[in-house]
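Assemble the whole structure, with the sequences as input and the hints as a guide.
Residue numbers are given in numbering that gives the first Met the number 0: position 49 of the sequence shown equals residue 48, and the series is strictly consecutive.
Treat the hints with care, since some could be wrong.
[Claimed, not checked] Derived Cβ-Cβ restraints for the label pairs, each shown as a range:
#1 V85 - K36: 45 to 53 Å
#2 F40 - H66: 31 to 39 Å
#3 R105 - K36: 29 to 37 Å
#4 I71 - T3: 25 to 33 Å
[To be verified] Straight-line alpha carbon distances no greater than 30 Å define the calculated DSBU-like cross-link-like pairs of lysine-lysine that follow:
#5 K56 - K39
#6 K29 - K39
#7 K114 - K124
Derived by calculation from the structure, the hints in this document are not laboratory data. The model shown is predicted, which means the values in this text are computed figures rather than measured ones. Just so it is clear, CB atoms sit at the ideal spot from N, CA and C, and this is done for glycine as well.
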Amino acid sequence: MWGTWWVWDARLTSVLVLFFFYIGYIVFSKSFTDFIKGEKFSSILSIIGIVNLPIIKFSVDYWNTLHQPASISKLSAPSIHIDMLVPLIVMFLSFLFLFLYILILRFQAELNIRKININNIKFYKES
Numbered sequence: 000m001w002g003t004w005w006v007w008d009a010r011l012t013s014v015l016v017l018f019f020f021y022i023g024y025i026v027f028s029k030s031f032t033d034f035i036k037g038e039k040f041s042s043i044l045s046i047i048g049i050v051n052l053p054i055i056k057f058s059v060d061y062w063n064t065l066h067q068p069a070s071i072s073k074l075s076a077p078s079i080h081i082d083m084l085v086p087l088i089v090m091f092l093s094f095l096f097l098f099l100y101i102l103i104l105r106f107q108a109e110l111n112i113r114k115i116n117i118n119n120i121k122f123y124k125e126s
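Following this line, the structure appears as structure tokens:
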């Protein structure tokens, strides 16, 4: 399996299919002159493509191919060594808090933009 340019592994192939759905989504959304029609076809394609996500997630458990099974599981003790588990958890929590911080900043920026727009509308109505 190693040293070849492509292996028909379950996860690799299902991610390739998802990539084709993604490319199709972009093509459909940009190819129509009518925006609503393009978005309609894109949304149908995305609904069909969402079926592929559980296949990608569980392909490692269903088929024993190139990828190893999950190292951290809810049902059993982690098979990953503690020297790797602790930094993994620390980095996961760090990125989680970074994401929440950026999300809060984005909400604050959106609220400020809406306040500015409301003030502009009030200003133009008074003029």
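Cβ distance range 45 to 53 Å for V85 and K36, holds or violated
holds (52 Å)
Just tell me: holds or violated, for the beta carbon distance of R105 and K36 against 29 to 37 Å? holds (30 Å)
30 Å limit on alpha-carbon distance, applied to hinted pair K29 and K39 = The given pair, whose Cα atoms are some 12 Å apart, holds under the 30 Å limit.
For K114 and K124, compute the direct alpha-carbon distance and say whether it is at most 30 Å.
holds (15 Å)
In this structure, is the beta-carbon distance linking I71 and T3 contained in 25 to 33 Å? Holds - the Cβ-Cβ distance for I71 and T3, about 29 Å, lies within 25 to 33 Å.
query = Should the hint that F40 and H66 are 31 to 39 Å apart at their CB atoms be regarded as holding?
reply = Holds, at about 33 Å.
Pair hint outcome, K56 versus K39 [Cα-Cα no greater than 30 Å]:
Status holds; Cα separation ~27 Å.
Violated hints are absent here; each numbered hint is respected by the structure.
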